[in-house]
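Undergrad: Read off the chains here:
Protein chains: 2
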Amino acid sequence: MNKGFTVWFTGLPGAGKSTISHLLGKKLKEWGRNAEILDSDVVRTNLCQGLGFSKQDCDISIQRVAFMCKLLTRNGVAVLSAAISPSREAREKARKEIGNFVEVYVKCPLEVCVERDITGLYQKALKGEIQDFAGVSDPCEEPLNPEIVVETDKETAEESTNKIFQKLIELGYVSQTGSAGHVYSPEEEDKIKERLSRLGYI
Amino acid sequence: MNKGFTVWFTGLPGAGKSTISHLLGKKLKEWGRNAEILDSDVVRTNLCQGLGFSKQDCDISIQRVAFMCKLLTRNGVAVLSAAISPSREAREKARKEIGNFVEVYVKCPLEVCVERDITGLYQKALKGEIQDFAGVSDPCEEPLNPEIVVETDKETAEESTNKIFQKLIELGYVSQTGSAGHVYSPEEEDKIKERLSRLGYI
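Protein chains in written order, with the numbering used here: chain G, 7 to 208; chain A, 7 to 208.
Just so you know, the hints here were simulated from the structure itself, not pulled from any lab data. Do not rely on the hints blindly, as some may be mistaken.
Repeated chains share a single entry, so a pair holds when one copy, or any two copies, can fit it.
[As the list claims (entries may be wrong)] Lysine-lysine pairs mimicking BS3-like chemistry, simulated, CA-CA at most 30 Å apart:
1) Lys173 - Lys160
2) Lys133 - Lys76
3) Lys133 - Lys173
4) Lys76 - Lys32
5) Lys102 - Lys76
6) Lys133 - Lys33
7) Lys99 - Lys32
8) Lys61 - Lys130
9) Lys99 - Lys61
10) Lys33 - Lys76
11) Lys61 - Lys133
12) Lys169 - Lys99
Go ahead and model the full structure; you've got the sequences and the hints to work with.
TA: If you want it as structure tokens, here you go:
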């Protein structure tokens with residue numbers, strides 16, 4: 007079985023969590039890994055019908071997502087969690103519960119996120135139509151020690167994705183050479199390289 | 007990767023769904039399979055905080071459990087769902103969504119379940135303290151075509167578990183010989199047997 011892990015994206019609404027999670031998911035699948043993406047749409051439709059944006063509702067949502075990540079992670083899946091998680095405390099709980107946890111801080115200035123406003127939620131929040139909106143009327147607590155920071159106002163989504171992917175290799179969660187659903191040990195990799203070289207492929 | 011599947015237990019509260027799911031989970035793990043159990047306790051604590059017993063709440067709960075089962079199943083996990091699911095329609099939706107779906111009807115007469123009343127919920131429902139309780143004030147729709155029926159007033163929990171386990175082998179979800187996390191093909195099994203025989207082990 008592969009080593010499961012959860013990449014937990016933290017950042018303001020509109021910072022680029024979902025976009026990067028989908029690019030990373032695609033890359034992991036090409037690399038031979040099973041990946042599951044839990045972004046805001048997926049979470050709202052399947053796990054958190056009826057929950058709003060209040061701190062309490064957000065915390066319940068994070069708890070459910072974390073539970074799901076835990077079960078998938080311990081079964082060898084690469085899980086990408088990209089739903090909103092403004093509370094540092096709730097994220098730390100998720101980290102403890104899940105174990106193999108890689109926090110990615112998707113950093114982007116508020117004004118850029120408001121400008122993008124892909125979902126139209128900032129407009130509503132700024133007009134007061136949504137209460138407790140993270141980044142506007144509620145805090146969105148920055149992570150203190152994320153495994154990696156990507157800056158989406160300075161990098162392309164592809165660059166951010168590649169940085170995270172390299173980090174996953176560095177942390178030993180993803181193999182350097184890719185595989186079809188199987189992570190090779192360094193010894194196995196050496197043997198494969200030797201064979202390919204013998205056959206004249208590399 | 008193993009072939010994932012979901013065993014979906016249907017039956018009255020107190021019929022024995024949870025007990026059998028835990029015995030089956032143990033057996034599957036001994037057989038080398040990753041198994042996850044989603045019983046009422048797990049579901050209420052982690053996925054459905056705040057939901058009650060009304061048909062609407064039950065349907066939302068089933069939808070969440072089904073989503074979880076789907077993701078685990080497509081990643082090669084053996085999932086045992088033992089939460090209450092009184093609605094036939096909601097179960098049929100779950101079956102379609104999950105795909106590799108084995109419905110087990112845990113059959114037990116209502117009077118026996120009331121007599122057992124392990125959780126004390128029947129007492130409360132009969133006194134009218136809980137509204138919409140499946141089996142008492144709300145219907146608990148019997149499955150029309152379950153893959154297997156076990157009768158917990160006539161069999162021991164171990165007997166029911168063994169019947170289900172045999173069915174899983176028959177359906178090709180579990181290998182006949184057991185393994186450490188890997189289901190062998192018939193050809194691989196033959197080779198292993200031949201080797202063991204050659205070495206004098208069998």
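Undergrad: Now, for every hint given, state plainly whether the structure supports it.
TA: Hints versus structure:
no.	hint	result
1	Lys173 - Lys160	within (19 Å within a copy, 57 Å between copies)
2	Lys133 - Lys76	neither (37 Å within a copy, 39 Å between copies)
3	Lys133 - Lys173	neither (40 Å within a copy, 59 Å between copies)
4	Lys76 - Lys32	both (21 Å within a copy, 20 Å between copies)
5	Lys102 - Lys76	both (10 Å within a copy, 25 Å between copies)
6	Lys133 - Lys33	neither (39 Å within a copy, 57 Å between copies)
7	Lys99 - Lys32	both (28 Å within a copy, 28 Å between copies)
8	Lys61 - Lys130	within (18 Å within a copy, 33 Å between copies)
9	Lys99 - Lys61	within (15 Å within a copy, 32 Å between copies)
10	Lys33 - Lys76	both (22 Å within a copy, 22 Å between copies)
11	Lys61 - Lys133	within (19 Å within a copy, 37 Å between copies)
12	Lys169 - Lys99	within (25 Å within a copy, 40 Å between copies)
Going through the hint list in order, the structure does not satisfy hints 2, 3, 6.
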